[in-house]
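**Student:** Dock chain one against chain two, each of which comes alone in its own frame, and use the hints as you go.
Here the protein sequences line up with chains A and B, keeping their order.
Counting from 1, one number per residue, gives the positions in the first sequence under this note's numbering.
Counting from 1, one number per residue, gives the positions in the second sequence under this note's numbering.
Since the hints were derived computationally from the structure, they do not count as laboratory data.
Yeah, the Cβ is synthetic: ideal placement off N, Cα and C, and Gly gets one too.
Incorrect hints may appear among the rest.
[To be verified] Label-pair ranges, simulated between beta-carbon atoms:
1. 51/B x 396/A: 24 to 30 Å
2. 374/A x 172/B: 41 to 47 Å
3. 405/A x 195/B: 25 to 31 Å
Residues per chain, in single letters:
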Amino acid sequence: MSLFDSVESAWTALKCNLLRSILTTFGIIIGVASVIVLAAVGSGARHEVEERVAGLGSNMLVVFSGAHRINGRTTGTGTERPLSEADLGAIREKVRGVVAVSGQLSGAGPIVYGNANWTSTLTGVHSEFSLVREWPVILGRDFTLSDVRGSAKVAILGQSVVAQLFAGADPIGAAIRVKNTPFEVVGVLGLKGSTSMGRDQDDVVLMPMTTARNQIVGKSQLTPDQAGQLYIKFEPDFDLPEAQLEIEQLLRSRRRIPTGGEDDFEVRNLAEFMKARNEVFSTMTYLLAVTSIVSLIVGGIGIMNVMLVAVTERTREIGLRMAVGGRRRDIMRQFLLEAIALCAMGGLIGCIVGITAAYGLANAVEWPIRISLDVIAIALSFAAATGILFGYVPARRAADLNPIEALRSD
Amino acid sequence: MSFSANVLYFDGNGRNALRETAHSMPAAMPIPDNPYVISFSSVSKRYVIGGQAVHALDDVSLSIAAGDFVAIMGASGSGKSTLMNLIGALDTPTTGELSIEGRSVRGLSSEELADFRNKQIGFVFQQFNLLARTSALKQVMLPLRYARPRLENLELRARQRLEQVGLGDRIDHHPSQLSGGQQQRVAIARALVNNPSILLADEPTGALDTATSAEIMTLFEKLNRDGLTIILVTHDSSIADYARRKVTLRDGKIVTDVSALAGSVQNRVPA
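Bound-form chain B, shown alone (with noise of 0.2 Å):
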């Protein structure tokens, strides 16, 4: 996926301007018959808390396109948890349809997830997560180590996302040897490794300063404009605005669903 160089222009009061263009990235990509990489329909989670019901999730409809970037905000309690756990398959919902890649995950066994997550979903956290004394290179060459079948060449992949992110010369650093920002790329690195098809970042500029996190969020545009599907969780409507829709949670619902080519709240959910 190539962009001409005046996709790049950024308007005085926002990121969004340029949305346009980018916009009609999706086009380009060969249409499955589910244009959508991830559809929930009907999806509601419970979790029974104390005896008691609680509904994270009530009833969410919501598709989002391969190539989107949309971010996932609310207040704490809101339900984007949740929501986040269900896109990443680390949670099966209770009742309603999910799927991923056209790929139901109801009912898929503990091993089948970790095989699907391995597979389609890079993580990037807000405490980066990484191993402790373990070199960079090595952090980034464990999701290739639980693939399955097994790849090859895993150095040499680790090596090339590494240099993607901007630290091919700090592939033997540990994390203690790397700044916050550089131990984020890293985990980008990492969550990138096994070309997934969704990036699912939680809070990832949560744990950097204002100038850091304007990198990670540059870096992850940059992946976007390369097709690659990113969903961001985050409380920070600043950090919101580089993403082109937001979806906001309040109470286990859906409340409002902005793209920002429109500025206008629509329903994306399929009929």
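Chain A with its partners taken away, still in its complex shape (with noise of 0.2 Å):
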């Protein structure tokens, strides 16, 4: 018998007992739909945290100054001591494998142009910044280290400034006031998304550091020369923990901090520190798969039972056609197929309630999701696979009958 027939005789026989081929494939929609709807969410996640950890830049350490104490009560990050320009040139000048260095000076006010203002983050940087953050100047020009030095008033302007001053003007070349100081636009940056706190990356306008700080942040008592945060790349492949170990030696002898003392800086691999909350995902993902494969074992039961009764009751059906021909591989293959065919139902009716749950999710909770075809093949595949293995034995029994009992049978 030619495989086309026999799926056609295998779906004959699932139309005429159709609400109990639905029923029976319950198990198998729902693992098949779990396995979407984990696989969405896990590689949605996985997806994200990967295209943060490239936006943040690769191979890149960033220094915080450390949390101050007060009582016994930390006050937050970068309430201690700030780091400087001089920390930052030491390191760019002592640490092995630096390929680039650049601070972050932090504060906030509002730019107007024209008629428009919109208050955003105002950013000090370093000439070296789009470069350690790999985030690259899309129009216009980068800072120059001349910018730098002489406090150039320029501004880089991220995307959703341009987008709320703009309107689709061309800010290259344009004037604008930031807190009151008057700024030349001389370049735009890419677009960068959002955090994963969610907060708008490419809500800021970047100015040269020096700029920042005599106009906008101001200095500190402290630390007349602070820099913000540092961001420093390596070279790639470079060994980040031991570059981490040559940055905290260094800057403990340089901020004077007594052998035992408690660090007043911190220094991050924010890469690392994102894959290992996405560790954290993981493990709900395996825990979701158990889920899965436990009902589709479940599912793949219930296949095999109504499978054994489908030989049951069809056994004359079985006799006539070993009677008329039929070997007994074409009735396995015929039995099996019938198995195949209710899980490959389950299988596809799984996948869009999984789709529809996923889409639904990433609505109700806004999660991230990512469907890919090759998801819904290994699902399809899980099911199919299901199917083989449940539907063995009923298939075995049924080729295994004596045909003239099976004849003789009510």
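**Tutor:** This is the structure:
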């Protein structure tokens, strides 16, 4: 019997018991739907983390000034003695493997262009900032060393600021006022997206570090040359944990922290930090995977049960098929195909349910989801494999029937 | 195979008077070395039931010529079902030689038996054994689908057989939309579709009323006249009367073997 004929008779048999067939496939539907939901959520989360890790810039360490303790309570990162321009210079000079460095000193304030105004993050950076953060200037020009040395009143705008103030007009060369100081827009940054905390990174105005210190953020009493957070980019595949130790030693000695004393700064590998957060997601994914395997097994047992019933009900039909020339393997294949068709049907319904549920989740709780074709293919092949696995025993039983007894059965 | 109209006359007390002419029919066919389509020689079939050996068939020798119409009769337990299963290649003998169409069925695997049944045997059952919710056309196509090597024009062949049994206008009907007689005709078309050497009918009229039974038997007669070997298993002697030869079994042995032509008991077993 040709495969097409076998599929056709399998389908006919399922149609005859449509309600029973659909009820039987519920386990498979739930199994496949949960595989798809978890894969969509898992890969969405992973994809987002990867994007953000890439967005941070690769091979990068960040130095924050530490949390200041008052009476045993910390007052938050950056409340301790700020990091200085000199610290940055020392790291650039003394730590091995450094490719580029930039400070990032942030404040906030209003920006005015013509009639439009907008309050944004104002950030002082060094000329290597876009290199360190892998955040290119897509229009106009980047800052130069002389911009930074000369406290030039030039600004590079993030996409959100451009959208708010310029509404389609070309911002390059435009005169804006930042905290009432006139600036010339020299460049526009590429789109970066939001952080994992939901902050819009494109809502930013960059200016040279010196300009920010002089005009916007103001000088720190403790550290006149404060440089905010220090971003340090290393050579590709450089040993970051080793570099982290070097930076810590250098800063401890520069900041005269006694042996055994607590650091008043913190060096972080942000990519690692984010990946670690993602581990939590992976654990959840494993749990969901176990759940869906369990429901596929339960579904498979349901399929096996209904197929055993079908073999008993259709013993005469099996006998007839054997009498007119059906070989054992034909019978075997027919019942296996029926089990697979049941599972495939459940798989398809499960796909629809799963995709709907994933989009529902994405809308309801704003999880990032990603549905890829290979996940659907994997889910469907799992369903088919369940059909083969649990369809085997009933199909074997059908094929092993004695045609004489099968024809005689009621 | 064609016959002149004068073959078809009936006498008053039975249907057997016309057999003389019909009986000469096999002579018109090419006669191979073995003119018998079925030959049993000293065939026994034993089953073990509850630790006790049961002789379902006990040293039976029987030959059936191509083109014959044989009724196999006997009470239940006489061995007629066993004989039918052996002729239908559903089973193989415990001892003795059984050849169908010149081919020994002993030692054939279940796969070979299936292929053999597919090509050589057409089955007709008491309960029709049609597939549920399947059109007449698909029912008749079933044996063609199991045929190896694969056949072409399955639909056309099936349609022709349905026309032959007078159901050309019912090909899309499901069993539930057909009368008992029509269902049995579908089953007969299914049995014929692969051009078998033998039509094996097991109580084909057992589920039908008298008038419909007569129609079915008339169809069998016509098929037989066209050269088909028919073996009819029945306990109903009025049905058996349609056959040219009646073989009666009791306790696993042939007790009478009557040819309607001669009206006498004869031993057809080759020496």
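**Student:** With reference to the structure, classify each hint as holding or not holding.
**Tutor:** Cross-check of the supplied hints:
The given range of 24 to 30 Å is respected by residue 51/B and residue 396/A, whose C-beta atoms sit roughly 28 Å from each other. The hinted window of 41 to 47 Å between residue 374/A and residue 172/B holds, with their beta carbons roughly 43 Å apart. Checking the proposed 25 to 31 Å range against residue 405/A and residue 195/B shows it holds: the Cβ atoms sit about 28 Å from each other.
Hint compliance for this structure: no hint is broken.
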